[in-house]
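Protein sequences appear in the order of chains P and L. If you're matching positions, the first sequence starts at 1 in this note's numbering and goes up one per residue. If you're matching positions, the second sequence starts at 1 in this note's numbering and goes up one per residue.
Derived from the structure by calculation, the hints contain no laboratory data. For each residue, glycine too, the CB sits at the ideal point set by N, CA and C. There's no promise every hint is true.
[What the hints assert, rightly or not] Label pairs and their computed distance ranges (CB to CB):
(1) P:Ile12 - L:Ser5: 33 to 41 Å
(2) P:Gly22 - L:Glu52: 47 to 55 Å
(3) L:Lys20 - P:His43: 15 to 23 Å
(4) L:Glu52 - P:Ser5: 27 to 35 Å
(5) L:Gly53 - P:Ser112: 33 to 41 Å
[What the hints assert, rightly or not] Covered stretches of chain P, as calculated for chain L (at least 3 residues, CB under 8 Å):
(6) 20–26
(7) 101–107
[Claimed, not checked] Below are the DSSO-like pairs computed for lysine-lysine, each with C-alpha atoms no more than 27 Å apart in a straight line:
(8) L:Lys66 - P:Lys49
(9) L:Lys42 - L:Lys66
(10) L:Lys66 - P:Lys105
(11) P:Lys71 - L:Lys66
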Amino acid sequence: AQSVSQHNHHVILSEAASLELGCNYSYGGTVNLFWYVQYPGQHLQLLLKYFSGDPLVKGIKGFEAEFIKSKFSFNLRKPSVQWSDTAEYFCAAINQAGTALIFGKGTTLSVSS
Amino acid sequence: GAVVSQHPSRVICKSGTSVKIECRSLDFQATTMFWYRQFPKKSLMLMATSNEGSKATYEQGVEKDKFLINHASLTLSTLTVTSAHPEDSSFYICSARSGRNEQFFGPGTRLTVL
Chain P
1 AQSVSQHNHH VILSEAASLE LGCNYSYGGT VNLFWYVQYP GQHLQLLLKY FSGDPLVKGI
61 KGFEAEFIKS KFSFNLRKPS VQWSDTAEYF CAAINQAGTA LIFGKGTTLS VSS
Chain L
1 GAVVSQHPSR VICKSGTSVK IECRSLDFQA TTMFWYRQFP KKSLMLMATS NEGSKATYEQ
61 GVEKDKFLIN HASLTLSTLT VTSAHPEDSS FYICSARSGR NEQFFGPGTR LTVL
């Protein structure tokens with residue numbers, strides 16, 4: 001079955017630390033990949049997406065992600081996190097039928113000031 | 001960006017009653033909307049895909065007779081939880097797909113069944 005895996009369940013960082021959250025998807029072929037963020041009490045917001053082209057994608061709020069096809073990965077990075085980055089982060093991919101998003105289980109990021 | 005609304009944001013009902021949740025795309029037309037269920041500390045689980053003017057496509061394990069979906073217009077999809085039970089208590093989120101194949105999410109509806 002198609003799946004999206006996020007390896008880090010809960011990440012705890014201090015402000016200014018660098019962040020990398022892992023994401024792997026299970027199927028080959030054309031993929032459309034996304035990272036969403038859900039701040040406490042708010043709904044899902046799109047951070048960035050990859051459809052094609054440059055595998056290094058820059059998103060909002062200083063986040064970026066790199067698509068590595070050979071590793072089936074789409075890791076999220078930020079060089080210096082802030083307290084306001086505390087949130088739940090979800091990696092997602094459009095399924096092979098192109099009909100729906102498949103989500104990873106999410107990673108909780110806690111940033112201490 | 002595109003806005004998707006949900007109503008109500010929170011509902012508490014008695015066991016055995018039915019609850020309707022509305023999902024609207026406010027500034028764009030969406031031929032396809034999706035309904036997800038989010039469990040505490042868990043990811044979103046796709047329940048069904050709702051296509052305007054046709055029957056919804058349900059994911060494996062989702063009871064179509066329990067979770068009725070209607071997509072009567074290009075801006076409105078409804079999810080009705082019929083004969084709700086406490087185990088149906090959850091956070092239900094809808095999304096609407098734009099012409100650029102992006103999904104925009106609603107704020108969610110917290111359902112509590114007593």
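Just tell me: holds or violated, for the beta carbon distance of Gly22 (chain P) and Glu52 (chain L) against 47 to 55 Å? 37 Å, violated
Taking beta carbons only, do three or more residues of the region 20–26 of chain P come closer than 8 Å to chain L? Violated: only 0 residues of the region 20–26 of chain P have a Cβ under 8 Å from chain L.
Under the criterion that the straight-line Cα-Cα distance not exceed 27 Å, is the pair Lys66 (chain L), Lys49 (chain P) satisfied? 34 Å, violated
Are at least 3 residues of the region 101–107 of chain P within less than 8 Å of chain L when you compare beta carbons? holds (count 6)
Quick one, are Lys66 (chain L) and Lys105 (chain P) close enough, alpha carbons at most 27 Å? 25 Å, holds
Verify the proposed pairing of Lys42 (chain L) with Lys66 (chain L), using a straight-line Cα cut of 27 Å. Holds: Lys42 (chain L) and Lys66 (chain L) sit about 22 Å apart, inside 27 Å.
Between Lys71 (chain P) and Lys66 (chain L), is the straight-line Cα distance small enough, at 27 Å or below? 40 Å, violated
Range agreement (Cβ of Ser5 (chain P) with Cβ of Glu52 (chain L), hint 27 to 35 Å): 33 Å, holds
Just to be sure I understand the hint, the distance between the Cβ atoms of Gly53 (chain L) and Ser112 (chain P) should be within 33 to 41 Å; is that true here? Roughly 51 Å apart at Cβ, these two residues miss the hinted range, so it is violated.
Is 33 to 41 Å a correct range for the gap between the Cβ atoms of Ile12 (chain P) and Ser5 (chain L)? About 34 Å separates the Cβ atoms of Ile12 (chain P) and Ser5 (chain L), which means 33 to 41 Å holds.
For Lys20 (chain L) and His43 (chain P), compare the CB-CB distance with the range 15 to 23 Å and indicate the outcome. 20 Å Cβ-Cβ, so the 15 to 23 Å window holds.
Hints 2, 5, 6, 8, 11 from the earlier list are contradicted by this structure; the remaining hints agree with it.
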